[in-house]
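Q: Residue numbers (the numbering used here), protein chains in the order written: chain U, 1236 to 1362; chain F, 2 to 395.
No wet-lab data here; the hints were simulated from the structure.
C-beta atoms are modelled at their ideal positions from N, C-alpha and C, and glycine is treated no differently.
Be aware that a few hints might be false.
To be verified - Residues of chain U clear of chain F, computed beta-carbon distances all greater than 10 Å:
1. ARG1255
2. GLN1265
3. CYS1275
4. ALA1280
5. PRO1288
6. GLY1308
7. ARG1340
8. ALA1343
9. ARG1344
What the hints assert, rightly or not - Listed below are the simulated SDA-like cross-link pairs for lysine to any residue, each with C-alpha atoms no more than 20 Å apart in a straight line:
10. LYS1348(U) - ARG135(F)
11. LYS283(F) - ALA309(F)
12. LYS1348(U) - PRO141(F)
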Amino acid sequence: MTVQYTGVQSQHQAALDQGRFLIQRCGACQRFVHFPRELCPHCGAMSLDFVEPAGTGTVHATTVVQRPVEQGGSFNVCLVDLDEGVRLMSRVEGLAPGDVQVGQRVRARVQMKDGHGMVVFSSGAAA
Amino acid sequence: MSLSSGLKALRGSASIVGAATFGCGEAPGFTDMEILARAAHAAVADAGLTMRDIDGLCTASVLSTMWPMPVIEYLGLNPSFVDGTMLGGSSFIAHLMPAMLALQAGQCNAVLVCYGSTQRTATFGRTQMAQARRMMDPQPFEAPYEPMQPVSSYALAASRHMAQYGTTRRQLAEVAVAARNWARLNPEAFERRPLGIDEVLASRMVSDPLTVRDCCLVTDGAGAFVLTRTDRARHLPRPPVAVLGTATAVWHRQISAMPDLTVTAASQSGRLAFEMAGLAPKDVDVLELYDAFTINTLLFLEDLGFCAKGEGGAFVEGGAIGPGGRLPVNTNGGGLSCVHPGMYGIFALIEAVRQLRGEGGERQVANARIALAHGNGGTLSSQATALLGVADAV
Chain U
1236 MTVQYTGVQS QHQAALDQGR FLIQRCGACQ RFVHFPRELC PHCGAMSLDF
1286 VEPAGTGTVH ATTVVQRPVE QGGSFNVCLV DLDEGVRLMS RVEGLAPGDV
1336 QVGQRVRARV QMKDGHGMVV FSSGAAA
Chain F
2 MSLSSGLKAL RGSASIVGAA TFGCGEAPGF TDMEILARAA HAAVADAGLT
52 MRDIDGLCTA SVLSTMWPMP VIEYLGLNPS FVDGTMLGGS SFIAHLMPAM
102 LALQAGQCNA VLVCYGSTQR TATFGRTQMA QARRMMDPQP FEAPYEPMQP
152 VSSYALAASR HMAQYGTTRR QLAEVAVAAR NWARLNPEAF ERRPLGIDEV
202 LASRMVSDPL TVRDCCLVTD GAGAFVLTRT DRARHLPRPP VAVLGTATAV
252 WHRQISAMPD LTVTAASQSG RLAFEMAGLA PKDVDVLELY DAFTINTLLF
302 LEDLGFCAKG EGGAFVEGGA IGPGGRLPVN TNGGGLSCVH PGMYGIFALI
352 EAVRQLRGEG GERQVANARI ALAHGNGGTL SSQATALLGV ADAV
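Please work from the sequences and hints to get the whole structure.
A: Written out as structure tokens, the structure is:
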């Protein structure tokens, strides 16, 4: 494969499109980072590498976006704290949107939509 | 982070000498620029000045990325000081500090701060704006999950506050009802129908736990004020309102990047503004807090030091921040019931000025000497605090 040098956002998306969810870790301060950046927002070093997270996390906050049934119905939007200590917006699937609870344990998976990968969560760390 | 002696020395150095609104509610047939110009002219006239006296300009727009240029062109200004910093709804309070620095340095002598939007009645309105912003200001790590922005971001903050501190929907509803009860005393307010807690709780859910009554209005409106050095302000016709302290803090853009969903950057802007003013929350007679959503008022009461973290819900119970309550908050009716043309910060500041001038009519807070105006921008992203005082508070 030809090595292509691109910004980290497209590298992150390219991995997702292949079904792999990556976050970053700073080689200087060892802290995890998400969303992907060119430099570490904690220490300023240009030492971020992509790593695979464990995929387990906890719902930090949750909402149900109300939408008419004919437009697809209401759906969940939440913030999940990964066990690595980074937070991301996502949704929990496999539950009624209003049954998603703050503090609930969830596990990440990559779902394809229109040829692109996105991170969603299932309830239960073992799911 | 502590305050430099240079900033402390700015305490009270500039005063608001004129203020005006125009087209609050609905201004059909007007453009953003036209209602801005009406408010700007009225504020300058209120200050006893003419447009020729204006040599500083601060303004911001949701739509136009180069907004100071068309405003300068339209108003016929030749300013020696321009600030177009766009920090969402906190912008016009955030403009205070650079304006004070420019006035103190002699870069200019009279700064006009102004805003106008006809987002309610305009053809290119809120829906079109939201679409354009998805392209111009992309948030690729949130947009795929289709949050209804900005309300879903505030709903997430509310959900966290409820889970962590036991805050209830009824306590959020108290905020909406207090705002409405103030609005009922304000002839300029857009929504003046009676509103009760049960009606808020039963109203249409938008993004849990926030109903349509937990959300600010969508109105037209323009606001403007004029700032001069305080020594000059004393020779102008209106009672000057001194800027005793002001600070701005920005911690993030996206709600998913907010360090702690229950603590806003108001905890920093407020602390610095109080330090500059040499004041404490107990000294404040009236508060104007940017209430884009009911959760905002709780968060800002906590972060600005009016109650402990997590106790905002209990603090507002029983009509405590409404007319006749223990602490007057959002005396014009706020963004929830008075006016919210996309960015509300300038209206919070103008209501604080009106209260300190004793122009509040039926809603006037007796003997108001110190007011706090607080602006919020983005998704709890930018926070700007100002402490204002009557002339003898300097």
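Q: Look at each hint and say if it fits the structure.
A: Comparing the hints with the structure gives:
For ARG1255(U), the condition that its CB be more than 10 Å from all CB atoms of chain F holds, with the nearest at approximately 16 Å. Listed as a non-interface residue, GLN1265(U) keeps its Cβ farther than 10 Å from every Cβ of chain F; the least gap is roughly 19 Å. Non-interface status of CYS1275(U) relative to chain F is upheld: no Cβ of that chain comes within 10 Å, the nearest being about 14 Å off. The beta carbon of ALA1280(U) is kept farther than 10 Å from every beta carbon of chain F, the shortest such distance being approximately 19 Å.
Every C-beta of chain F lies more than 10 Å from that of PRO1288(U), the closest at about 15 Å, which supports listing it as non-interface. The beta carbon of GLY1308(U) is kept farther than 10 Å from every beta carbon of chain F, the shortest such distance being approximately 12 Å. Every C-beta of chain F lies more than 10 Å from that of ARG1340(U), the closest at about 15 Å, which supports listing it as non-interface. In this structure ALA1343(U) is separated from chain F by more than 10 Å, as the shortest Cβ-Cβ distance comes to about 13 Å.
Residue-level check passed: ARG1344(U) sits 14 Å from the nearest beta carbon of chain F, beyond 10 Å. A C-alpha spacing of about 19 Å is found between LYS1348(U) and ARG135(F), which places the hinted pair at or below 20 Å, so the restraint holds. A C-alpha spacing of about 13 Å is found between LYS283(F) and ALA309(F), which places the hinted pair at or below 20 Å, so the restraint holds. About 14 Å separates the Cα atoms of LYS1348(U) and PRO141(F), which keeps this hinted pair within 20 Å; it holds.
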